[in-house]
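Student: One-letter residues, chain by chain:
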Amino acid sequence: MARITFIQPDGTENTVDAEPGMTVMEAAVKNSIPGIAAECGGACACATCHVYVEEAWREATGQPEQMEEDMLDFAFDIRPESRLSCQIKVTEALDGLRVRIPEKQF
Amino acid sequence: MSEDVIKTDAVIVGAGPVGLFAVFELGLVDVKAHVIDILDRPGGQCAELYPEKPIYDVPGLTVVTGQELTDRLMEQIKPFGAEFHFSQRVESLERLDGGFRLTTDMGTVFECKVVIIAAGGGSFTPKRPPLPGIEAYEGKSVFYSVRKMDAFKDKDVLIVGGGDSALDWTLNLQPVANSLTLLHRRSEFRAAPASVQKMLELVDSGDVSFKLGQVTELHGDDGKLTGVTVKGTDGETFEQKTEVMLPFFGLTMKLGPVADWGLNLEENLIPVDTEKFESSEKGIFAIGDINTYPGKLKLILSGFHEAALMAQQAHNYVHPDKKLIFQYTTSSSSLQKKLGVK
Chain A
1 MARITFIQPD GTENTVDAEP GMTVMEAAVK NSIPGIAAEC GGACACATCH
51 VYVEEAWREA TGQPEQMEED MLDFAFDIRP ESRLSCQIKV TEALDGLRVR
101 IPEKQF
Chain B
107 MSEDVIKTDA VIVGAGPVGL FAVFELGLVD VKAHVIDILD RPGGQCAELY
157 PEKPIYDVPG LTVVTGQELT DRLMEQIKPF GAEFHFSQRV ESLERLDGGF
207 RLTTDMGTVF ECKVVIIAAG GGSFTPKRPP LPGIEAYEGK SVFYSVRKMD
257 AFKDKDVLIV GGGDSALDWT LNLQPVANSL TLLHRRSEFR AAPASVQKML
307 ELVDSGDVSF KLGQVTELHG DDGKLTGVTV KGTDGETFEQ KTEVMLPFFG
357 LTMKLGPVAD WGLNLEENLI PVDTEKFESS EKGIFAIGDI NTYPGKLKLI
407 LSGFHEAALM AQQAHNYVHP DKKLIFQYTT SSSSLQKKLG VK
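Residue numbers (this note's numbering), protein chains in the order written: chain A, 1 to 106; chain B, 107 to 448.
Chain B on its own, in the form it takes in the complex:
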């Protein structure tokens, strides 16, 4: 097991704009970082919530989209060679002598000297339909993601939603499932046109059943779903038999396991000082939307500032024997060497 442990200076939890810029600021002071994010790509909220939406308050850029800002940051931090670990959520944080051990839900283990929590509004998790009693079915017959397609072999499967996830899993699970029903509130889909086309072909051939409506009730026993009540577009309800339901209603942000890491929290935010942006615990920093302090503004530019100051203190923990001399990238040849421009 020990050879699987990734040893590094810093682990950054969250690959949003602030987490990405932290790679840059840490890099300038010789702190190597690994970055972990629950999403399958960098950008955090910028990538998930508003890739195409304009941001007007990033200094120096009159207007930039969430995706463009992410792409530019990725380019900017390239010289520092940070390693990314996507589609993973940090589950636990343990204290070691002189450092920390973090373990993700995929079993990746990191040992580092400093932890930078740049988790924004928390980790993106699938939205749970607020249907009475749904908790009892979750993980048994109601699933928000597909880990193994085999689990749905020969089952009657109900997929709810009209986005890309709903369409993709309709196409992928149809050959495996005993029957597949797609339920959506309208006959338009906000999904890749090619997937919609394929789905409609499967409906025509009778391999997929498509129904209009919204689930209002779940029926079953002991976590085993037997069917659901659906309110159709005409307001009439009908019963739909199914063994499995997969609701795809997008993602929402939840604080997640950070709450269990033994840090002081104030209304789900991590209080920090405004000098080093360090939490109640030495070596654990919080920057960006997830922290709080008097006067805090949830702005990308504030997060960038926080990353710069955090890096100064992180350097002191990682390189206690080295004195940090403040330098400018414009004039310092050593910084320019790190950036690969000299």
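Pulled out of the complex, with its shape left as it was, chain A reads as follows:
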């Protein structure tokens, strides 16, 4: 089990339990976290589950692969800490992960 905290643009925090193996996007959708649209359902095809990974967690979550980097072109306000949450797999090592939700998912 890993606890993941989603931080809304207004600062509101929601912490949820996620099972290892699921994606951060799935953890968000399962817990009705606002701001994660995930229009394509996790196929890395829409860029509407964009999150900013907090600095302390960037190494643990790793870098986007080519397909994800390409898809990020279709997201708004991309920063070095931008990830698509459907491409971050939950592991025990991510217990405590904090991600921020962008102002807009487009």
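Do not rely on the hints blindly, as some may be mistaken.
What the hints assert, rightly or not - Once the Cα atoms are required to be at most 20 Å apart in a straight line, the calculated DMTMM-like pairs of lysine to aspartate or glutamate come out as:
(1) B:159 x A:68
(2) B:337 x A:81
(3) B:261 x B:328
(4) B:317 x A:70
It is worth saying that the hints were derived from the structure and are not from the lab.
Position chain B against the provided structure of chain A, taking the given hints into account.
Tutor: Same frame as chain A, but now just chain B:
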């Protein structure tokens, strides 16, 4: 005008997998259909969002990609000769005596006895960058598509994005525009390599200016853009002068005009019964992801089931004088004749 009206039994709004299978089920019960879709090809989300991605829950197919499923459905419905109208969006739906009239944004008019809304998550529309005040510029100096290249003649044009649309329009508009700047957040492009190559050649020859960064602000007055603020990759901002901006950030699904057709809606979905999958209005059906009912699952296979049951009732409206006898394709010679296998 009246000779331009397409008269048919059924109009299916949406050419996704469920809309396509509806052609099959309607065909078996002698209901002729025309299919309209905003995309330029069949498949809906399967074609637009995940053509290469595997689907594991279509009965009988261990794994199938979105594109493969679309191709197979197109093959399966071939005997019914449905006519397709792509790159068009149904704008309005009017009630006629004993039927409906639908008009698309390209002015195509249909008159039919039943309407099948198989519009999935809505119609695919270009993503609008959430930049403050962008609405005021849309259609005047910010455009999400190019209808007439002439509109950009001798203009300073800024194209934003790094996909095929951004690259294609960079190449197409460069000879027409006064100046053309391509802005993208990185120096890699997910576009056809040949287009990227051509664009880079134009950059080398000084005909296209390529800049790295993301637009953060729009400047202008009264819908007329004068420039934009760009945040560069180094975090520094700079001003880019332009008269026109074309942002290409892919497509998103929006319910669109369906919302104005006078149907009951629940959270942008069309409530239907689970016997005929008919909306609050007789003769208008909703199948696939766009409908809702107790226990609804947004699965392709559920949509197929909905199409089969819908067709039974659609038959009753289209052929009120004919009694429908339930038959199997395996054993019915009349169904096999329709399928062209006998």
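Student: Compare the structure with each hint and give your call.
Tutor: Hints, verified against the model:
1. With a CA separation close to 14 Å, the supplied pair residue 159 of chain B and residue 68 of chain A stays within the 20 Å bound.
2. At most 20 Å may separate the alpha-carbon atoms for a hinted pair to count; residue 337 of chain B and residue 81 of chain A meet this at roughly 16 Å.
3. A C-alpha spacing of about 17 Å is found between residue 261 of chain B and residue 328 of chain B, which places the hinted pair at or below 20 Å, so the restraint holds.
4. The straight-line distance between the Cα atoms of residue 317 of chain B and residue 70 of chain A is roughly 18 Å, inside the 20 Å bound, and the hint therefore holds.
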